[in-house]
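Engineer: Sequence order for the protein chains is A and B. Counting from 1, position 77 in the first sequence corresponds to residue 77 in my numbering; the numbering is continuous, with no gaps. If you count the second sequence from 1, you need to add 1000 to reach my numbering.
Check before you lean on any hint, since a few could be wrong.
[As the list claims (entries may be wrong)] Result set (DSBU-like, lysine-lysine): computed pairs, CA atoms no more than 30 Å apart in a straight line:
#1 B/K1453 / A/K131
#2 A/K117 / A/K66
#3 B/K1453 / B/K1039
#4 A/K117 / B/K1386
FYI, nobody ran anything at the bench for these hints, they're computed from the structure.
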Amino acid sequence: MLGKTANGLYWMYRHLERAENTSRLVETGQRIALTRSGAQEDEWGSVLQTAAVSGGYHQNHDTVTKEAAINWMLRSPDNPSSVLSAISAARQNARLVRTGITHEVWEAVNGSYMAAKEALSRRVNERDLPKVTGLIRQRTALVRGATHGTMLRNDLYDFARIGTFLERADNTARILDVKYYVLLPSIYSVGSNIDNVQWETILLSVSANGGYRIVHGNSVRPREIAKFLILDKRMPRSLYFCASKLRDNLGYLASDYGTRMPSHTLIDTLLRKFMSHDIDAIFDYGLHEYIQNVLGSLQELGMQIEIDYQFYE
Amino acid sequence: MEGFQQFDEMWGAGDDLRRPYHTFQTWFDGEDPARLRAKQREAEEVFRLTGITFNVYGRAEAEERLIPFDIIPRIISGREWQKLCRGIEQRVRAINAFLYDIYHRQEIIRAGRIPAEMIAKNDAFLPQMLGVEPPGGIYTHIVGIDLVRTGPDQFYVLEDNARTPSGVSYMLENRETMLQMFPELFSQNRVQPVQNYPRDLRHSLVDCAPAATDGPPTIAVMTPGVFNSAYFEHAFLANQMGVELVEGSDLRIVKGRIAMRTTQGYQPIDVLYRRVDDEFLDPLNFNSDSVLGVPGMMDVYRAGGITLANAPGTGIADDKAIYSYMPEIVEFYMGEKAILENVPTWRCSEPDALAYVLDNLRDLVVKEVHGSGGYGMLIGPTATKKDIAAFRKKLQARPGNYIAQPTLALSTVPIFTRQGLAPRHVDLRPFVLVRPGSIQITPGGLTRVALKKGSLVVNSSQGGGTKDTWVLED
Chain A
1 MLGKTANGLY WMYRHLERAE NTSRLVETGQ RIALTRSGAQ EDEWGSVLQT AAVSGGYHQN
61 HDTVTKEAAI NWMLRSPDNP SSVLSAISAA RQNARLVRTG ITHEVWEAVN GSYMAAKEAL
121 SRRVNERDLP KVTGLIRQRT ALVRGATHGT MLRNDLYDFA RIGTFLERAD NTARILDVKY
181 YVLLPSIYSV GSNIDNVQWE TILLSVSANG GYRIVHGNSV RPREIAKFLI LDKRMPRSLY
241 FCASKLRDNL GYLASDYGTR MPSHTLIDTL LRKFMSHDID AIFDYGLHEY IQNVLGSLQE
301 LGMQIEIDYQ FYE
Chain B
1001 MEGFQQFDEM WGAGDDLRRP YHTFQTWFDG EDPARLRAKQ REAEEVFRLT GITFNVYGRA
1061 EAEERLIPFD IIPRIISGRE WQKLCRGIEQ RVRAINAFLY DIYHRQEIIR AGRIPAEMIA
1121 KNDAFLPQML GVEPPGGIYT HIVGIDLVRT GPDQFYVLED NARTPSGVSY MLENRETMLQ
1181 MFPELFSQNR VQPVQNYPRD LRHSLVDCAP AATDGPPTIA VMTPGVFNSA YFEHAFLANQ
1241 MGVELVEGSD LRIVKGRIAM RTTQGYQPID VLYRRVDDEF LDPLNFNSDS VLGVPGMMDV
1301 YRAGGITLAN APGTGIADDK AIYSYMPEIV EFYMGEKAIL ENVPTWRCSE PDALAYVLDN
1361 LRDLVVKEVH GSGGYGMLIG PTATKKDIAA FRKKLQARPG NYIAQPTLAL STVPIFTRQG
1421 LAPRHVDLRP FVLVRPGSIQ ITPGGLTRVA LKKGSLVVNS SQGGGTKDTW VLED
């Protein structure tokens, strides 16, 4: 396959994953805003930060308002990570790699784009918000389903998966990075109402509240949440899960091509260094530093993959 | 040509339903127009989702547009088709013989059948191709011959597309859409399939692999990029053939071969179906500003390291000035009269012809020799006095730049409108594949239809649409 095609597939799936994650963050923000009283601006500020679009937002706005934040995240053309921008970019990449994806996948992603463009053609009012975010979730799920059901499990598929899991790992790590202090032991507000809200936000942001209850029951404890999001082996958005999928897919490439590349060493190191300890050790090391290091390693891995597989000239 | 006796392919000259349309007509009469309208909208939805669009240059907004599709098929009998095929095959053989001759001994010029300056001064003539032996001796592997019809047995060649004919993806997707929407029509009528085209194309390309090929030939389609107006088609064909779609930036020369950058390093390509114009192929040998091509590609080609389909320099055969010599060309190489007629053409470079054209602008179609897409032409009968006056000046300033033809009474085929069936003018582009020892013509082709009542311009860039084209098994 062409290096350009690997690049296109990788970014197509990164952008789809990003669109889905951003949409989920908007849903979470709205839910928190509706169910709690208090300073909403702070909450939306932190949602923007979690989506890693805070910098761009503040360059274009003086204050944080709910309407502006939602608009920025869902549909602003000035925000390259807005849902609409990300879906457009995914579709543009799909056009570039049209020869590498099945008819079903192309139709699903083209359909997503057409639906998103229509739904996000104007500002979304509060009443329509659940419908719109629901639509994004359904549409991106359709692409994932078509991919899963129709794509040959060859190198093309591996690059699609690598894009998906790098973006997802990055997303989960960023949520932890922005909210890490909420999970730290604190003498002031343990068990208070504020903490419960914050913890719930974190779980909702990665669609993990249901899974958490199944694994840990109804007692919400910060250390358990951190463990669930970082180390759980079955939770599909945990750092461990994403990293092990990255190792698997890179491994398929290595055996397919018969060559190990520097990126294989990087992912092995990442798993050994960051995923082989228990949660207490991570807290002892410092949750914030730990997440920062993981984010750095993920970025390095992404760049190495681009080099190893000749994404660019 | 006088009197404009219009020939309708469904109803003939009056309202005598023609044979190929009998079964269709019965079906159509039993259909509820409201259901058909819904189907027409459904078809558009299918096209939009499939992404069959063409890009319009110079428009940031609405950069991708759909070509309107009309659900009424154009139906040709097997007998009519066979006759056409004989003419097309003869013409395509002549074109390849002509190209070989022009880039070798130029017998046709020595014989005085074509003026030497028609070749030497023509931009489409590539001196770099002189003496080059293309693999398999073939210059145009993929040809599209544009035909128009004026009566039951009168077909004319309007244009030969010997460089990079486009539109084949519409032929295939139009059929696919019709099969999805009206399966019953295909049970009632025996329509010859077009779906083998991508497989045939691949086989044709494989058969033309160069000497340097080691093992099964590697094929690739080359596109100028995602912003090209025909990008959809390039991707579609690569996908249907199961080969890579490359751009100049994916390619470089490695050990005397054109190689593509893969995830496992550079791999040589044996046959390149290039949809990039000659002048952009190789900045070293042609247009030095081109960023689309590969420096030195022409040298690899000359050394037999790659097959380019179509070969560089084929444009000399479909140039509008050369077109007027096609009857002579066919006769010269085939030793027999051309089966398919040319539209009578006045070469404005010749003083007598120019005088005639200037006196009769109101009745003629005047075209630029190098123009395409229906731009830069004058259609006398529908032009305003002002248009004609302006065109007269252009013509006088550069007569050699123009040819003129009578306005033919193009045949019509009905389209589906709110008021029911209504006749509209059409043309036809059958697609031809050439490989060593055989010529293959896909039964069908692209029918373009002028959607505006009375209009003769069928180009998609000017509001034309397309139809599915059926060739029946007799």
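Engineer: Each hint: holds or not?
Structural biologist: Evaluated hints:
The straight-line distance between the Cα atoms of B/K1453 and A/K131 is roughly 44 Å, outside the 30 Å bound, and the hint therefore fails. Between A/K117 and A/K66, the direct Cα distance comes to roughly 22 Å. Compliance with the 30 Å bound is thereby established for this hinted pair. For the suggested pair B/K1453 and B/K1039, the alpha carbons sit about 22 Å apart, so the restraint of at most 30 Å is met. A distance of roughly 44 Å separates the Cα atoms of A/K117 and B/K1386; the hinted pair therefore is violated under the 30 Å criterion.
Hint compliance for this structure: hints 1, 4 are broken, all remaining hints hold.
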